[in-house]
Amino acid sequence: MTAHHASPSVPPHRYVIIGNGVAGNQAAEGLRSRDPEGLVTIITNNRLLFYNRYLLPLLFRSHKDWRELQSHSADYYQKHRIRVIRDVRVTAVDAGRRQVMLAHKEPITYDTLLVATGGRSYLPEELADSRHLLNSFGTYEQAMAVKKALPDRGTVVMLGGDMIGLDLARTLLSIDCRVVLVTHETTFWPHQVTPEVRMEFLNVLRDMGMDVIDGDAAGGVTAIEPGTAGLPARRVVFRQGGDVYGDVVMPFYGLVPSVEFMMGSGTDIERGILVGTNLRTNDNHIFAAGDVCQIWSEQEHAYRFYYGYQNVRAMGAVAASNMTGGNEHFAITQNGSLSRDGRGHIDSSFWAYD
Amino acid sequence: MQFSDDPRDIGWVRTNIPCQNACPAGTNVPAYIRSIAEGLHGQAYEINRESNVLPSVLGRICSRPCESACRHGWPGNGEPVGICSLKRSAADLKDSGHRITERLFAPTGKRIAVVGAGPSGVAAAHDLSLLGHDVVIFEKEEKPGGMLRYGIPEFRLPRPLLDIELHNALRLGVQLRTGTPVGVGKGAVRVSTLLADFDAVLLGTGCMAPSRLDLRGIPPGQDPSRVSQDVEYGLHFLMDLHRGQNKRVGRRVAVVGAGFTALDCARVARRLGGMEVTIHLRTSEEYIPVTHEELFETKREGIRIKGLRTPVGLQLDDNGRLLGVEFVQNRLGGWRDNGRRLAVPIDGSEFVETCDTLIIAIGQVTVNDFLDMRVELDRWGNVRIAENGMTSVSGLFAAGDFVHGASTAIQAIGHARKIADKIDTWLVGRKRRQVVQMEPVAAPLRDHAFDFIQRQAMPTTPLPERQLTREVECGLTRDLASEEAKRCYLCDLRYQINVDRCIYCRACIEVAPRNCIKLISDVEIQKDGSYGQLLETKEWSRVAAIWIDNNECIRCGACFKVCPVACISITRNKLITVDV
Amino acid sequence: MKATDIQIALCGSAGDGTIAAGDILRNAVARAGYRVISFDVYPPEIRGFGKCISRVRITTEQSYALKRQSDVFVSLDDSHAIPHVGEVRPDGAVIFESQPVATVAEGHHISGHIHPGHIPYGIPLRELSEKSTGGGRSRNLVVLGYIAGLLGLAPEHFLSIIEKKFTKQGSEVVSRNQAGFHAGFQAGTATFKLDNVFFTPLGTPHGSEQVVMLSGNAAVAQGCMDAHLDTFFGYPITPATSIMERLAVALPKRGARLLQTEDEISAMAASIGAGFAGARAATATSGPGLALMSEMIGLATMAEVPCVVFVSQRGGPSTGMPTKTEQSDLNAALYGSPGDSQHIVIAPTNVEGCYRCAGKAFEMAERYQTPVIVLLDLYLSNRYETVTLAVSGPPFNLNANKPRPRLEAGEVYKRYALTDDGISPRAIPGDAGCMHVITGLEHNELGRPSDQEEMHAAMSRKRHDKLLGALQHPDFTVSKRFGDPGRVKVGLLSWGSTFGECLEAMFMAQAEGIPCAAMKVVMLAPFPVQPVADFMADCDVVLVPECNYEGQFAHLVQGILAKPVVRLSRVPGSPMPVEAILGEVRRLARGAVTAIAS
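Chains as they are written, first to last, in our numbering: chain A, 1 to 354; chain B, 355 to 934; chain C, 935 to 1532.
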């Protein structure tokens, strides 16, 4: 009897994406369309499917359910056969075995890995002891916690004031909350502004109704304390003396890349994962995209971060292409500059998304 | 109490107590932590002192290879035990009237000269004097301690503590001649003279020269501080400071280097008034050989760290004052032997960072020019020693950084102990071997609840109060130390199932907190006679034993407590050295 | 506000405490005032690592079946839970262990199998258990606490149920389990809730009734006790054993007697003897035991002795599938005994029905002087429901059915007198002047053996006609129609435990706009011909779902009414899946006309 042999088929390629944000999802979409047979897996520590974080400030204007923020429905993932492993933590990447190790002691094998874990809010080390008294703004859950803690017409003290924070600030002002900004070198991050532009836009913020405190002049923030009875819930103390009270204190000192789990994998890391404009790391099987990667800039002769929705989405597309044999290069699509809108309010290209 | 030289038992101790194994001095970590848990800080101090004569010092400035190895820090087990902080607490919290115990050997009549009163010299001198030899230390500085005194800032190591422990180490009759350089210069004692006057000479002079950094515009080998008053080697910066000089830095300080010295320089600079202090790394934070805590405190003091850059030139004004440092951008290259990365400069990527002071702390190297005889060196210029600890010159021994190049205090101490033993063997023929001492333990010394105690944070001085000599770390309180001590898994405890009495009820497997109790068909025996891999099986018919995998075991005692037939035994294992 | 309707499924391996957790959960929510229906699946082996699932549906008003998809799904053992993860509805919660003890092979952790529409909650259950109790074995309590915290259920009912459940094992075990619950509760409260599973608060309960949580078998035992059962004889068999176990505890407390006999023949014989002696008597068994009893049941029919047989069906024939449910003993119950031996067969459709049928069975047995078989099945015996009991006392007639004949002076007592309704005066041994003979032989009115043609015909008629009264038995629902009144496209005709699933399917079909109705038939012999005929006349097509292979009930209906029905006969060993019924309803609704025509 002669056995009937099907033509020896190549097992489907295993693409694993760590991170469930703009870059990761853009890449997943690209991978699916370029390799219909491939196995696409997204791994995330989030409970929710991909949602648009740019919409989080809107939660303060209306009662939005997280479902309204979701970029794709559950059916989308089913239809495109994109597996999303949620609410799990990656502890390490074993580049030798090509496995992602999860905290529940399960390995996930990849043929090609994309690291797209993005960044998380940076907190200067000197404020580490006050972490429990600060509210972050990175996830839906955190945004809802702020909303819960903030009374009607309450006061938010923003430390630093990066563009993520200022986006929230303009929403808070529109609903008659008080916003106190304590400036820092990261104010307007990721915009790099000259002292003149900085002064100009701090005045714009004042005109919009924000209280602006010169953090440097105050010697910087040394501690956050719980407010005493009868006063708002938090007290921010300055090194040179003086303080300011608020119902919620939020650090907006820019982002630091989430790369800890990549330590020891042999992948080159400085602050972020180091990649070329083709988003390849020093490991042939590992790519990185989004806020987590530092891209070599031939013009500037330096590794650079590129922030903003459009840049990150473009990186996701480039990564997907190159992970499937393409040879594309990331080119900056969005150049950051501060501007003023029709009402004279601050505006930024980083606030643009679609 | 039982003693064993069975390779399986020796192998067990070597592989199952990762901290002790990682410690260059072989400190019996679980034993001293257990003593702290029992409130016996003095006893803990003595256990430390058996392998390391400066517990109070090392409890502050050790590089902690033990903590990187600690089983509690293995994946899934949480954070390592604060072994170093506990060492310090043993020293800090022992009774004020604590008495030191020393095991003295009869005098041998042999005379040994030790060159250098740094950690290796002091450790070796102490051990040699215990062994009955007469020891004289020659030290060129005014005070003993070497890098401990002149390299490490006081906010990390208060000098009164250093003085006490050095004194305790040397009080058994070691003669200390400070201000007495050994070498070829005027007023210096020659090594050949020492060799003639003493039965043996030990060189422990460490690495007392800074690694040179070639900068554009500065002749190779020339000290850049001679070009600009704003540029200095970190080693000189710290040594001058600790010799009592007034040091100054500018508003913006750049430190290049990646080790403890670089961090120390940056933190001193911050205390001397540097407002913007930045540490520049050739590679990146992932690969720098300092502890997490040290790095965190450095950042907390407002010091910034920037990676992937190598300084290549200085920008000076007409008066030689520093305007900025020219760097070249690096990418990460291949791996170095020590697990660190190479930095590869990228052509044409030069850029300038403006600064007022530059401190260069990229490493230290040995100095050999004081030797008045030919001694064989290795390719790094370090002296080469044979298996018996001797250099190519008969009677001339060497220990510590002088042999290995710049490393750590604990490595120097550990190495010096070994060399002291070898000198003793060479001089009087005593030999030693290691055996395992096994002491039965009646009940688990731990509770499973201990596994959930978080690592106790070291209390620190508030940022505004951090002055030049004020110690930053405040030490664990008695309560914190007691909590931290409970965290130790006590890896010296060996849990074993007596296969003859086991009834295979599997009760122990059901309560196991880890995958630590296994059904096995066999155990591999390695070449050296020690146990290797466990061969697990799922088939009941092939189960030869229920075996406690000591690699996974966290010594919670749950199995011991639940066993209905008491077939699980616990012994406390200790590697001891006995005279043959 | 929307009424509460939440189904929670817990899945684990034997030893994980899955069933225990389900038990605490259903008791706690029942104590809080919710209505519950719950069914556990567990392996036949006593030791080992078999699959256990406990499903608990919690509602404001009593529901009739488990839902097809759970709202909350808990995995205590991923290898068992992964195949069931599809049972969670979109936006439902999947709670799983995020810190397992051992390494997990790739693809064997549930996180990789959760559908995109589910909300994952990875919880360090073991760690929470170890931290709070010193051991990892209270994961089941931790997860209950987590559910309570996440869904906003007050902890006090859980704590008191935990205390009640573990109090025998000592206060340390109680406090350890309560500590585990607390740890989970705190974690649940601290979790941001993303799923849309909501408990709505309850109104105040009616004072005139009390709600208790019972399994089908417990309800049978309770019904027996409330009907003042005097004697019980039995031989253990799954799934009927727990009836005997409960009565063994309860009966002696009231001075009544229970005897474990050497086999089922003896148990049946003893029950008949007790009935003959005037005591209320019962036995309980399953299919194989019923087979052994069938000859004795014939004796009771012939001798017109009241007795009650509870039969909990399991997978057959023969030893079959002892731990799986099935409805395949209908024929045996109806026809199992040789001769023209009709007796009463009733089959409750839910746990409350078990209680009522148990109590009413004794009334009927005595009133109509006949054996009564109460047909349950494993699903009904073992499932838990909240049951409403009247505070005013049991609704059963305790004495009216023991009529003592009044004898005129010199009158001869005729034990089997031919009467208009076929019911003869019943006396018990010792009644003055009522000495009589009972026998398995055909007999005359006095009970003396007789094989006269006319007498056999008269007696046969009497034994059958007297049963017709049961169709009008007071306070007993013989059959009942639900759903749309009047003409419908699809009618669901069903009996026994499957009726709950039929009702659930009917509600879903109605929600889809399909006109449909459902009828439960509780009394299977004698058969309620008229109501069923009326119902069938209203339906374009009649669907008969039942858990047996032959379509035994459909046979019965078709045999009596000679009208076509569509059969849905399945033997999954588990309850009839609601979606199977619904799918059939949809299919029939689309092509109803063709179905009739063919």
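Hint data in this document are derived by calculation from the structure and do not stem from the laboratory.
Built from N, CA and C at the ideal position, the CB exists for glycine as well.
Treat the hints with care, as some may be off.
Claimed, not checked - Covered by chain A, per the in silico footprint, the following chain B stretches (three or more residues, Cβ under 8 angstroms):
{"hint": "1", "segment": "652-666"}
{"hint": "2", "segment": "680-690"}
As the list claims (entries may be wrong) - Simulated crosslink set (PhoX-like; lysine-lysine; CA at most 25 angstroms straight-line):
{"hint": "3", "chain 1": "C", "residue 1": "K1400", "chain 2": "C", "residue 2": "K1414"}
{"hint": "4", "chain 1": "A", "residue 1": "K79", "chain 2": "A", "residue 2": "K147"}
{"hint": "5", "chain 1": "B", "residue 1": "K776", "chain 2": "B", "residue 2": "K928"}
{"hint": "6", "chain 1": "A", "residue 1": "K105", "chain 2": "C", "residue 2": "K1102"}
{"hint": "7", "chain 1": "C", "residue 1": "K1099", "chain 2": "C", "residue 2": "K1187"}
{"hint": "8", "chain 1": "B", "residue 1": "K928", "chain 2": "B", "residue 2": "K448"}
{"hint": "9", "chain 1": "A", "residue 1": "K64", "chain 2": "C", "residue 2": "K1414"}
{"hint": "10", "chain 1": "B", "residue 1": "K601", "chain 2": "B", "residue 2": "K653"}
{"hint": "11", "chain 1": "B", "residue 1": "K497", "chain 2": "B", "residue 2": "K540"}
{"hint": "12", "chain 1": "C", "residue 1": "K1187", "chain 2": "C", "residue 2": "K1098"}
{"hint": "13", "chain 1": "C", "residue 1": "K1497", "chain 2": "C", "residue 2": "K1414"}
{"hint": "14", "chain 1": "C", "residue 1": "K985", "chain 2": "C", "residue 2": "K1258"}
{"hint": "15", "chain 1": "A", "residue 1": "K64", "chain 2": "C", "residue 2": "K1127"}
{"hint": "16", "chain 1": "B", "residue 1": "K772", "chain 2": "B", "residue 2": "K785"}
{"hint": "17", "chain 1": "C", "residue 1": "K1127", "chain 2": "C", "residue 2": "K1098"}
{"hint": "18", "chain 1": "C", "residue 1": "K985", "chain 2": "C", "residue 2": "K1099"}
{"hint": "19", "chain 1": "C", "residue 1": "K1001", "chain 2": "C", "residue 2": "K1187"}
{"hint": "20", "chain 1": "B", "residue 1": "K785", "chain 2": "B", "residue 2": "K464"}
{"hint": "21", "chain 1": "B", "residue 1": "K785", "chain 2": "B", "residue 2": "K928"}
{"hint": "22", "chain 1": "C", "residue 1": "K1348", "chain 2": "C", "residue 2": "K1414"}
{"hint": "23", "chain 1": "B", "residue 1": "K494", "chain 2": "B", "residue 2": "K448"}
{"hint": "24", "chain 1": "B", "residue 1": "K915", "chain 2": "C", "residue 2": "K1065"}
{"hint": "25", "chain 1": "C", "residue 1": "K1099", "chain 2": "A", "residue 2": "K148"}
{"hint": "26", "chain 1": "B", "residue 1": "K892", "chain 2": "C", "residue 2": "K1001"}
{"hint": "27", "chain 1": "B", "residue 1": "K494", "chain 2": "B", "residue 2": "K464"}
{"hint": "28", "chain 1": "B", "residue 1": "K872", "chain 2": "C", "residue 2": "K985"}
{"hint": "29", "chain 1": "C", "residue 1": "K1348", "chain 2": "C", "residue 2": "K1396"}
{"hint": "30", "chain 1": "A", "residue 1": "K147", "chain 2": "C", "residue 2": "K1099"}
{"hint": "31", "chain 1": "B", "residue 1": "K872", "chain 2": "C", "residue 2": "K1414"}
{"hint": "32", "chain 1": "A", "residue 1": "K105", "chain 2": "C", "residue 2": "K1065"}
{"hint": "33", "chain 1": "B", "residue 1": "K464", "chain 2": "B", "residue 2": "K776"}
{"hint": "34", "chain 1": "B", "residue 1": "K915", "chain 2": "C", "residue 2": "K1102"}
{"hint": "35", "chain 1": "B", "residue 1": "K772", "chain 2": "B", "residue 2": "K464"}
{"hint": "36", "chain 1": "C", "residue 1": "K936", "chain 2": "C", "residue 2": "K985"}
{"hint": "37", "chain 1": "B", "residue 1": "K464", "chain 2": "B", "residue 2": "K448"}
{"hint": "38", "chain 1": "B", "residue 1": "K892", "chain 2": "A", "residue 2": "K105"}
{"hint": "39", "chain 1": "A", "residue 1": "K105", "chain 2": "B", "residue 2": "K872"}
{"hint": "40", "chain 1": "C", "residue 1": "K1102", "chain 2": "C", "residue 2": "K1001"}
Tested hints:
1. Evaluation of the coverage hint for the segment 652-666 of chain B: fulfilled, as 6 residues show C-beta separations to chain A shorter than 8 angstroms, against a requirement of three.
2. Taking a C-beta to C-beta cut-off of 8 angstroms, the segment 680-690 of chain B contributes 3 residues in contact with chain A, enough for the three needed, and the coverage statement holds.
3. Between K1400/C and K1414/C the alpha-carbon distance is near 23 angstroms, which keeps this suggested pair within the 25 angstroms criterion.
4. Our distance criterion of 25 angstroms between C-alpha atoms is broken by K79/A and K147/A, whose separation comes to about 35 angstroms.
5. Between K776/B and K928/B the alpha-carbon distance is near 22 angstroms, which keeps this suggested pair within the 25 angstroms criterion.
6. The hinted pair formed by K105/A and K1102/C fails the criterion: a straight-line CA distance of about 38 angstroms is larger than 25 angstroms.
7. A hinted pair counts as satisfied when its Cα atoms are at most 25 angstroms apart, and K1099/C with K1187/C qualifies at roughly 22 angstroms.
8. Taken as a hint, the K928/B and K448/B pair is honoured in the structure, with Cα atoms around 23 angstroms apart against an allowance of 25 angstroms.
9. This hinted pair does not check out: K64/A and K1414/C have alpha carbons roughly 46 angstroms apart, beyond 25 angstroms.
10. Simply put, K601/B and K653/B have alpha-carbon atoms about 22 angstroms apart, close enough for the 25 angstroms limit, and the pair holds.
11. With a C-alpha separation of about 20 angstroms, the suggested pair K497/B and K540/B falls inside the 25 angstroms cut-off, and the hint holds.
12. The straight-line distance between the Cα atoms of K1187/C and K1098/C is roughly 21 angstroms, inside the 25 angstroms bound, and the hint therefore holds.
13. Our distance criterion of 25 angstroms between C-alpha atoms is met by K1497/C and K1414/C, whose separation comes to about 19 angstroms.
14. Among the hinted pairs, K985/C with K1258/C is consistent with the structure: their alpha-carbon atoms are about 13 angstroms apart, no more than 25 angstroms.
15. At roughly 14 angstroms between alpha-carbon atoms, K64/A and K1127/C fall within 25 angstroms of each other, so this suggested pair holds.
16. A threshold of 25 angstroms between alpha carbons decides the hint, and for K772/B with K785/B the separation of about 12 angstroms falls inside it, so the pair holds.
17. A hinted pair counts as satisfied when its Cα atoms are at most 25 angstroms apart, and K1127/C with K1098/C does not qualify at roughly 30 angstroms.
18. For the hint linking K985/C to K1099/C, the alpha-carbon distance of about 23 angstroms falls within 25 angstroms, and the restraint holds.
19. Taking the CA atoms of K1001/C and K1187/C, the gap is near 39 angstroms; set against the 25 angstroms cutoff, the hint is violated.
20. Distance restraint check for K785/B and K464/B: the Cα-Cα separation of roughly 17 angstroms lies within the 25 angstroms cut-off, and the hinted pair is therefore satisfied.
21. Between K785/B and K928/B the CA atoms are separated by roughly 20 angstroms; this keeps the pair inside 25 angstroms, and the hint holds.
22. Between the alpha carbons of K1348/C and K1414/C the distance comes to roughly 38 angstroms, so the proposed pair goes past 25 angstroms and is violated.
23. Only pairs whose Cα atoms come within 25 angstroms are accepted, and K494/B paired with K448/B is rejected, the gap being roughly 33 angstroms.
24. Between K915/B and K1065/C, the direct Cα distance comes to roughly 18 angstroms. Compliance with the 25 angstroms bound is thereby established for this hinted pair.
25. Distance restraint check for K1099/C and K148/A: the Cα-Cα separation of roughly 39 angstroms exceeds the 25 angstroms cut-off, and the hinted pair is therefore not satisfied.
26. A threshold of 25 angstroms between alpha carbons decides the hint, and for K892/B with K1001/C the separation of about 38 angstroms lies outside it, so the pair is violated.
27. Between K494/B and K464/B the alpha-carbon distance is near 24 angstroms, which keeps this suggested pair within the 25 angstroms criterion.
28. The hinted pair formed by K872/B and K985/C meets the criterion: a straight-line CA distance of about 23 angstroms does not exceed 25 angstroms.
29. Restraint check for K1348/C and K1396/C: satisfied, since their Cα atoms lie roughly 14 angstroms apart, inside the 25 angstroms limit.
30. Simply put, K147/A and K1099/C have alpha-carbon atoms about 42 angstroms apart, too far for the 25 angstroms limit, and the pair is violated.
31. Between the alpha carbons of K872/B and K1414/C the distance comes to roughly 60 angstroms, so the proposed pair goes past 25 angstroms and is violated.
32. Proximity of K105/A to K1065/C is assessed by CA-CA distance (about 20 angstroms); at most 25 angstroms being required, the pair is judged to hold.
33. Simply put, K464/B and K776/B have alpha-carbon atoms about 14 angstroms apart, close enough for the 25 angstroms limit, and the pair holds.
34. Between K915/B and K1102/C, the direct Cα distance comes to roughly 22 angstroms. Compliance with the 25 angstroms bound is thereby established for this hinted pair.
35. A hinted pair counts as satisfied when its Cα atoms are at most 25 angstroms apart, and K772/B with K464/B qualifies at roughly 18 angstroms.
36. Distance restraint check for K936/C and K985/C: the Cα-Cα separation of roughly 34 angstroms exceeds the 25 angstroms cut-off, and the hinted pair is therefore not satisfied.
37. The suggested pairing of K464/B with K448/B is violated, with an alpha-carbon distance near 35 angstroms, which exceeds 25 angstroms.
38. A C-alpha spacing of about 20 angstroms is found between K892/B and K105/A, which places the hinted pair at or below 25 angstroms, so the restraint holds.
39. A hinted pair counts as satisfied when its Cα atoms are at most 25 angstroms apart, and K105/A with K872/B qualifies at roughly 18 angstroms.
40. Of the pairs offered as hints, the one joining K1102/C and K1001/C is violated, with about 34 angstroms between alpha carbons and a cut-off of 25 angstroms exceeded.
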